[in-house]
Every structure is written in C-alpha cells, then in structure tokens.
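**Student:** Each chain, letter by letter, is given below.
Protein chains: 2
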Amino acid sequence: MSSSSVAKQRLGQLTRIMASRKHRVTVIGSGNWGSAISKIVAENTAAHPQLFEPEVHMWVFEEQYQLPSTHPRFDVSKHSTPQELTTLINTLNENVKYLPSIALPTNVIATPSLPDAVRDATILVFNVPHQFIHSICSQLNGQILPYARAVSCIKGVDVSADSISLFSETIGRKLGIYCGALSGANIANEVAAEKFSETTVAYDPPGDLTPLPEELPPVDHGVMKALFHRPYFHVRVVNDVAGVSLGGALKNIVAIASGFVDGLGWGDNAKAAVMRVGLMEMRKFGQQFFSSCRSETFTEESCGVADLITSCNGGRNHRCAMLSVKEGKKIEEIEERVLNGQKLQGTSTAREVNMFLKQRGLEKEYPLFTAVYLILRGEAKVEDLPKMIERE
Amino acid sequence: MSSSSVAKQRLGQLTRIMASRKHRVTVIGSGNWGSAISKIVAENTAAHPQLFEPEVHMWVFEEQYQLPSTHPRFDVSKHSTPQELTTLINTLNENVKYLPSIALPTNVIATPSLPDAVRDATILVFNVPHQFIHSICSQLNGQILPYARAVSCIKGVDVSADSISLFSETIGRKLGIYCGALSGANIANEVAAEKFSETTVAYDPPGDLTPLPEELPPVDHGVMKALFHRPYFHVRVVNDVAGVSLGGALKNIVAIASGFVDGLGWGDNAKAAVMRVGLMEMRKFGQQFFSSCRSETFTEESCGVADLITSCNGGRNHRCAMLSVKEGKKIEEIEERVLNGQKLQGTSTAREVNMFLKQRGLEKEYPLFTAVYLILRGEAKVEDLPKMIERE
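As given, the protein sequences belong to chains A and B, one line each in that order. For the first sequence, position 331 (counting from the first letter as 1) is numbered 331 according to UniProt numbering, and the numbering increases by one without interruption. For the second sequence, position 35 (counting from the first letter as 1) is numbered 35 according to UniProt numbering, and the numbering increases by one without interruption.
In short, the hints are calculated from the structure, not lab data. For each residue, glycine too, the CB sits at the ideal point set by N, CA and C. Among the hints, a few may not be true.
[What the hints assert, rightly or not] Listed next, the stretches of chain B that the computed footprint assigns to chain A, with coverage defined by at least 3 CB atoms under 8 Å from CB atoms of chain A:
hint, segment
1, 33-44
2, 231-244
3, 308-317
4, 382-388
[As the list claims (entries may be wrong)] Incomplete in silico selection of chain A near chain B, CB under 10 Å:
hint, residue
5, ILE187
6, VAL191
7, GLU198
8, PRO211
9, LEU212
10, MET280
11, CYS312
12, LEU339
13, ARG391
When you get a sec, could you build the whole thing from the sequences and use the hints?
**Tutor:** Structure follows, in structure tokens:
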C-alpha cells in the first residue's frame, strides 16, 4: 500500500473514532434474500459498534402466518391460530415463512410499518422484488433522512425500447439520495446457511450529495465492507454500479443459452463456450450503453463471471431452458409447470434487450443474445446456435 | 476493420493465391485428443486446397491391436488376430483403440515411422503425452524442414523450483523452429463427436526465424484459423503463447479446490467464488513470471475462463478431490481407485507451483494455490479455505 493511501486510511479511522453518532441501518424487504442480508448486516452492526447502532430494522410486509405444528418451537398456547409474521420473527428470531430454519440475530427487529422502519436510518438496504420498488419509494418519500445513503440488492435492470435504467438509479432519483448496488454469486439459502460465498458492492457517490452530519462516520468503501463482509461472505467494493447491476440481469439470458445446450446434451465444452461468448456480450452491452462500465466488473468480479457460473450451473432459467429442449416444449409451458407461479427473468430480459437492440439496429453485434431471443420465439433452432454465434 | 488491416488481409490473400506450393501438415500423436485434432486438421486441409496439401500424416506409436468382434466392421478373415494399429486406422478410417466410433477423414494417413510422418511437413502439430516430448524431439532432430512451424496441443507447463518453461518452448528450442500453442475447453471426445466447442490458438513467431520459401503461403493467424477452425470448433487466434499454455496447467489446481468445495456440499456460490479467486491467481502467476502474458487471455479466452469452467464442472481433478473430502480419504487413495493407473495433473502442478513460489517467498501472494497445496499435504483443512483466501 502506498504511503498516501495508508495516510488516507488512518484519516478515515480517526474520523470514525471521533464520530459521536453511529449509522442506523434498515433493510427494506424480508424475503429469503432480504432476510439473509438482514442476518449479515445485523452480525456486522454488532461486530462494529464504533460505526453502527446494533439494532437493524427489517421492514416486513405484514401478513398472517400459521406456524406449522412441526416447528421445533411450536407452542400450542401461542401458535394455534395464525400470527402476525413480524411477531413470529421477533419472538422466534426466525423468518419462519421466507427463511425457515435459519436463526436471525436478536438485533434484527422485524417492523411492519415502513415509516417506522426507516425513521432515523442513515443507511437503507433495498431488497424487495423489483415490481414493488416504485410503490415503496412513493411511500418512503418524505419519511427518510435527506442525507441517507442506500444500497440496492435487487438484481436486474429496467429495460425498454427507449432506455435502460438501473434500479439503484430509480431508487436514488425517486428518493433524492444516492443508491449503490450489491450483486454476486449469491444464492440466498446458501448465504443464509453460512456456506462460503462472495459478493460485489458498488458504491460511488457523486460529490454534490446532501452531506452527512459531521458527527457521523463518512460512508465510504470501508464502511460498505464493514457492513456486508463476513468470514463466510467475502465482499469486494468497486465503483461500477452499472456493471454490478447489469451482470445480475444479463446473466439470465446466458443461463437460458446454457440450458439449451445442456438440453441437447452437447456437453461441457459447448456450455463453457456459450458462457464465454455470453460474458463477452454482457460486457460489450455494459460498455456500449453505460460509459462508466468497466470491463473488469464482468470478467473479474463475483457479480460478473462468478454469478454467471452459478446461474448457468443451476438456477431456474437454466433448468427451464434445458427442459424445454429435452421435452420439445415451449419454455412458457415448462415455466408454468415447474415454477409454481414464479416468472423466469431470462425470457423477459432476452425480449427487452432484443427490443432495445433492434431499435438501434444492433442485433447483429450481439449474436448470442439475439440467438436466445429467436430460439425463444421459435424463429431459430438451438442446433443453429454455433452458426449464429460464429464470427469471421 | 480499419483500412490498413483490410489492406493487410488482401495482401495476405494475394500472397496465398500466388504461392505455388502448399503446406503439408503432420500431427504427431494419436491418442484421443491427437486423433480428434487430426480429424479437424484433415477436414480443413481438404476444405482449403489453396493453402494445404490434403493428406495429413498422423504419427502413431505402432502397436498390435485386436479388433473386438463386436466392431461393426469386424471381418473374421482379416481381424481374427491382432493387427497393426496403423493398418486398422488406415483401412477402417477409425482409431479403433483410442478414438473408437469416430469416422476419421480418409485423408488422415496413420504413419508408424516418425521420420516418414514428418518428411516435407511444413506445419507440425504436437499432441503427445508430455512425458514423451523430449524423446520425440530427439528423434525428430535432423528429420524436419528447418523452416517448419509447429503448434503444441499439450496442456501443462514444466515447473521446477528454479524455472518454468512452456512445452511449446521446449519443442521450439529442441528442434530449432518456432512452436505456438493450442488450448481451450476441449474435452476430446466431445470435439470428436462434433459437439460445439471453442479453442484458443496462440501464434507469435519472432522475426528472425528461418524464412519460409517464397512459394509457400506465409504462416500467419489466418492460416492458423484455416487449419483449426470448424463450424463445430470455433478458433480464436491470439499472440500470448505463455497465457494459453499456463491456463491449461494452472486450472487443474483450481479444479481441485472446486472439488474440495463440492465434497463439503457447500453449494454453487462457494464453487463460483473459488473459481473466480483461482482465475485471478492464474492470471497473476502468468503476469508475474511471463512478461508477455496478457490479462485477457485468462479472463476472456477459451483457454482461460472457459477451460476452467469445464475442468471445475467435471474432469478428474475435480472428481477425485470431491471424493477425497466426501470419503475422508487421501486424494492419492482415490486417484489409485478411480483413475485406473492414470495420474492427476492437479496434485503435481499444485506441488510444483508451491515449490516454485516458496523458493521466491511468494506463497502468501497466492493464497488459493497455497491452500490447495496445504490441504493436499494434510496441513490445512478444507473448512479453512474461506479464511485462507480472505483478503484485507
């Protein structure tokens, strides 16, 4: 480390020691990924008392839940009728509905009211299904601190024929604050079970933000790492918010291609080839449409190459595409049968990205993305994939 | 394409049209990978008659082989006793011993004599087990054209405490010619069955080589692509011979790490994380010890990231490491039981690389490589992997 960066680090440390207030962190969302992130964040707020208040509010969309009588802590005097989910979470320290069997730290406080959950929060972590973002941001307007900082754990980007926007941008714009992103090879249940994994956090606030009060530690890469890094969850912090967000979205198109190839029984060479070509198209897309995108975010970080690997080895997009080829059925039929009402992200992303590229006359520059779209439409055959992606 | 590169390409095309002689290609080696490459090369010499003589000699280490009576073309009048393998290959157009059930083009000529096989050959393709290289080069000395060019398909590098050398360098030095390299996500049987795959060819001859006679087309990236590219076998040609060679060797250490993780049942996140960290160490190693190594060879090419993916998804290193953890046995025990006398390359590469790094005091800069070595030695536990590779 250079002496100037050592000096910078020391200055940061001193500033934190002198800060008289601490960050208050709220997680907005409590599905399995939201609950897993709440667990991590709460472990870290407890581990870094010089930076954070220990209590972490987790906003929970309130619902009634009947605890199964097979639950090890089922108590007939309390649980014979449906209970509020927040009550169950706070008394059992477990999200019994969305992340069962995982002990949550006692400093995770499930909170049913959005305004209560975010009151005085200086760091907001968003982890909700993307279709709820607009409505949640509307409800948050006027409720949050003007100098709050945010991180979005929502995978995917908002693509239309005219534009692409990152969910972190949407959140930031709607709330008038800065929002970074967290994405990586992060299957929620594995992270919750403390099976080793990595992630990438992107955080690069502009200089003209509403400043934090001086009593608060500055929110920098060090604070992001302190908030998310665990011995079983390794964090790398980068600046490239667009790259981190795009990786999580575009990989789903590639996962469909790899499922097609597996469906044909073409083997490991073909799958690795499709993944490599897909990774290159993901990067090209990022660099063509987001000037801040860095090549390395795709080729070197967990949110890029590693997330692609997990998605192409398993995951619903891969599985449904594989079954559609094996059974000779449309992917929509498979989706309906195996996903139990959930929707494939890869098919919609493939369609949206194609619409966006077609609008610009750029379909041919993305032969794999285009091939996936055409195969999904029934306008090309999987067997033609090698020819479609062959270059001069 | 820029106008200068268009002009360069046209000049190359014209030169080839005007060349009155054609390249004669010989493949040295006839295992399953050697036979698969011979098939590809012979398909291409036939497809590009302006560049190549159609006949491709494939040097075969002669042996007697008894054709099984179940072979579809078994003829009791000819095959009731063991035959010479070359005779069987040339009459049945199939390497019945090492690549059974795959039709070889009729222009592949199996040749038992090494001097006969290489006589007048202007392009030599090496595809033999690495332990035979020294002996074969000794036998070839004085037998080959001084202006022959070579390509090595041999994966791995020659590492000792003192030095690392590429097999392509060994071949080039011993024969006084230039030797490039071919490596990628290329499981031989899949390539032979024409299942789609990609590969990387590295070719970057120095300016002071014995020049080719003017009647021969210059051997450039275009000729390399013409020789190896097929509709089912996509080729990218690069300059980085060291990177291409190292990828094929170092990936085996990472495949062992990924096998360990799978053995523990840690899931897809952990495996992708280990692969990503391993890829970064592979690249760092290349760039630290070979000044010509390019980052992109590892992160973007088939010989790098894609070959790593196939090796970590299957392959013997991954499998043996996984079983050793699952069964709580030493990897050598598993190796002996499941590999039928063949040897794991990953364990020896891990040991050699560790010896090389230790000599230079650099073990800590390669925490994953070092962890794999220590776990193999029984000096560390797989469970400690996350901690061992955790960085500040």
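**Student:** Against each hint, give a clear statement of whether it holds in the structure.
**Tutor:** Each hint tested on the structure:
no.: 1; hint: 33-44; in the structure: violated (count 0)
no.: 2; hint: 231-244; in the structure: holds (count 3)
no.: 3; hint: 308-317; in the structure: holds (count 4)
no.: 4; hint: 382-388; in the structure: holds (count 3)
no.: 5; hint: ILE187; in the structure: holds (5 Å)
no.: 6; hint: VAL191; in the structure: holds (7 Å)
no.: 7; hint: GLU198; in the structure: holds (4 Å)
no.: 8; hint: PRO211; in the structure: violated (28 Å)
no.: 9; hint: LEU212; in the structure: violated (25 Å)
no.: 10; hint: MET280; in the structure: holds (7 Å)
no.: 11; hint: CYS312; in the structure: holds (8 Å)
no.: 12; hint: LEU339; in the structure: violated (19 Å)
no.: 13; hint: ARG391; in the structure: holds (8 Å)
Figure legend: structure checked against the earlier numbered hints; hints not met, in rising order: 1, 8, 9, 12.
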